[in-house]
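Following the hints, put chain B in place on chain A, whose structure we already have.
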Amino acid sequence: MPISSRDLWFSLRLLSLVMLILPPPLRAQHASPKALHQAALSVFRLGNTREIDSIDPPFVDGGDANLVSRTLNEGLLVLDPATLRPQPGLAESWTVSSDGRRYAFTLRENLRWSDGSPLTIQDFIDAFKRNMHPETGAYYAAYMDVIEGAEAFRASGTAADWSKVAIRQLSLRELEIRLKEPAPYFLELLAQAIFLPQTVRTQKKAPGQGLPLSSGPFRLRSWALKDKMILEKNPYYHSATSVYLDEVQVFPIEDPKTAWNMYRAGELDWIRSLPASLIPKLRKMPDFHSSPILNTIYLRVNTKDLHLKDPRVRRAISMAIDRELLAEKVLREGQKAAYTFVAPGIEGYSAEPIISLDIPAARRLLDEAGYADRKKLPELAMIYPSNPMSERIGLALSAMLVRNLGVRMAPRNLERGVFYDRLNDLRYQIARSDWTLEYSDPRSSLEKFTSANVMNNLTGFADPTYDQLIATSSVEWDQEKRWKGFRRAEEILVGEQAALIPLFTNVSINLWKPYVKGMYDNPRLYYSIRHVRLERSTQASGAEKHRRSVQQEAKL
Amino acid sequence: MSFLIYGLKRLVATAPILLLVLVINFVLLRLAPGSPLDREAELPHALKVKLEAQYGLDQPLPVQFWIFLKNAAQGEFGQSYTYKNRSVREIIAEAFPVSARIGLLAMGLAVVLGCLVGALCARRPGGPLDQFLRVAMLTGKSVPPMVLAPLFVAIFAITLDLLPVAGWHGGATKALIGPICCLALYDVAAIGRLMRGSFLEVQGQKYITALRAKGVGEKRLQVRHILREASLPLVSYLGPALSSILIGTVIVEQVFNIPGLGRYLVNAAVNRDYTLTMGITTLAAVLLLVLNVFSDLVLAWIDPRIRLT
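For the protein sequence lines, the chains are A and B, in the order given. Residue numbering for the first sequence follows this note's numbering, starting at 20 and increasing by one per position. Residue numbering for the second sequence follows this note's numbering, starting at 26 and increasing by one per position.
In case anyone wonders, no lab produced these hints; they're calculated from the structure. Glycine is no exception: its CB is placed at the ideal position from the N, C-alpha and C atoms. Incorrect hints may appear among the rest.
Quick partial rundown of chain B residues pointing at chain A, CB under 10 Å, derived from the structure [as the list claims (entries may be wrong)]: (1) L33; (2) L36; (3) A40; (4) L44; (5) P69; (6) H70; (7) K75; (8) A98; (9) Y108; (10) N110; (11) V123; (12) I183; (13) G195.
Just chain A, with the same shape it has in the complex (with noise of 0.2 Å):
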């Protein structure tokens, strides 16, 4: 059958279309160079959960932003990874002074951003400014309130205002910081990134304005949103040889069993997430990693509401609940019971259970604030933003509630947003919230719940004498004094007044390969990739493949 012309134009058009749309042909299976010269490379490979919002210091939220950030820049001072004490960063050393109010810091010599243009004081001064400006809208800039002068020029944002922030530069090197009031945490918060320096060029304003700088030991190389981000060794970065990896690859994945099966499949050294599921049986891998963390899972409790306002209603909620149960037999992945909301491991600070299981004496309380007939006090709900384990937590706590007090409590699962617009206007009951210790001070977890503090306490609770207690403590420069306060504040809001509900404090799940050496579990989720290296008997022989190669081209 001869092929009419009309045919063949078909075709050909048919095949362009193919053509453009089929992927270039696969590569020969010879590894090139490149390929090559990348296997000689130290390439760390790391599995986020979500892809990053940001790393413009103002803005950066989340662990995984944080691990990032990390990564790419440096401020001040910079914690230890093991010890979780601060070290030297970009300044080499500081004074405090004896009533723990002035700062001064020493920087380092010859300091460089990632293009190797000179980092200095000012450029600190700049991003401490920025940050604080209203106008910019920083995440964590209510940090910076404990520097004198801070909180007016937050509100005002006028030049008159910053002229008065505690905020010198006293010579080429050296800055001082003086605070409102003693802040024995204030060097810890200085490894925040709201505390990092900034220039406008590591401001990303608009598409084709260049990838930001750094002044950490990594710089970005490339970073397409959702696929895959790339951090190169910044030679400019002070410390840069003791680096030891030459590359970082950050993969954005959100599904948990997706990030598994990379790992597994040797296509990433590290995962920040397993699906629930498998957590008990990878439990025993040697690449399992797992610790306690600073971070308390708890129950909010509105105190405005009609049933809930009598504390002796929260108290008995608080005290029927098993926490021990929830901790090892419905959630089974290591979580602590908490008894206490500031989460235990501040040195010198009791973790002395406030509440416990007792449920004798919570019907009895039940009784005495006229519910001894269980019919009058209408179904509880309880709501939580849709993930998993909240889920769980719903129904075991309802589950407990009812046998163990008569009171019904239903779960109710939110999309994130509805949940927060809901604790927001107080249109709850009780809600599921959670809470990390930014700095190793109770003040982070019990400053939410002043009564000035509308923007996070969404409780309603408010007590004087709890407020009195907050204020004190905070600028009580001698720890005794400062932690017994804080102590008693703590026992108001979760013994006597019990606004919330602490249920348990959670545990990092990490797996990382047996060859990277050099990283940390802590309570602070603070991993520093700086000190990371790998010890893998493939990439010695990369290298030498490479030198190899490298030699016989210069014969050719």
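Coordinates of chain B only, in the frame set by chain A:
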């Protein structure tokens, strides 16, 4: 020429539908509780007011919609609320080619295999091959991607170690095979069933018997006459199917960790990222309408009996 005029006319006629879709999307998004500025710790009031003004959220809804329309007409949807310093246009420009490439290849595969399966079934309806393929197609259509994709990974990436588990790898062939196969299976089955029925119907037509009687070669008869006529329902099916597959599907993208539009759309809707959600849904609506018009044009091109009016 008549094609062009007809196509343009049809496109103009879809404008009110597009407008309606956009209005519904816009209103539904604003009616949903929560706002893109909601976080666990509420923003200071002054800052919230400032941000609302910056994004135009302080304007009355009709004004906001008018501004959105004016910008959308120029392909501008504003900054994403979630991804700071990234414009919606930038995000779509990165993610759409990824989804579109996988979608087009998957649909291409589905059309080829679907037609083949349909033709094989129609050769001897009721025969053993037909029976077997029909069961296989029913199975293929019933297995959802959320089951298929993890199975595919377990077999081909983990057990046999032939393909990477996940990742885009710059669009390398190996990285595309899994998502394409998982996306295509449903459509292979759907197109196969459609084509089987269509082939059977056309084969029974009197003009086919007449052509055979006239001595037209079997190959020519199959390709020029039967396939051509039988592909009409396929073309109608492809319009909407292609538009949805091009936008990407969240499950396959999540399992294979592919930076496509599907993942963005779901995250954006959950986070109430108004600009990003509107950007992607607008693109989806435009694609659907344009592809529908296009499939009508192709129908008329294949079968001259269909009048363009």
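Each hint, compared with the structure:
no.: 1; hint: L33; in the structure: violated, 22 Å
no.: 2; hint: L36; in the structure: violated, 22 Å
no.: 3; hint: A40; in the structure: violated, 28 Å
no.: 4; hint: L44; in the structure: violated, 27 Å
no.: 5; hint: P69; in the structure: holds, 7 Å
no.: 6; hint: H70; in the structure: holds, 9 Å
no.: 7; hint: K75; in the structure: holds, 7 Å
no.: 8; hint: A98; in the structure: violated, 21 Å
no.: 9; hint: Y108; in the structure: holds, 6 Å
no.: 10; hint: N110; in the structure: holds, 5 Å
no.: 11; hint: V123; in the structure: holds, 8 Å
no.: 12; hint: I183; in the structure: holds, 6 Å
no.: 13; hint: G195; in the structure: holds, 9 Å
Of the numbered hints stated above, those contradicted by the structure are hints 1, 2, 3, 4, 8, listed in ascending order.
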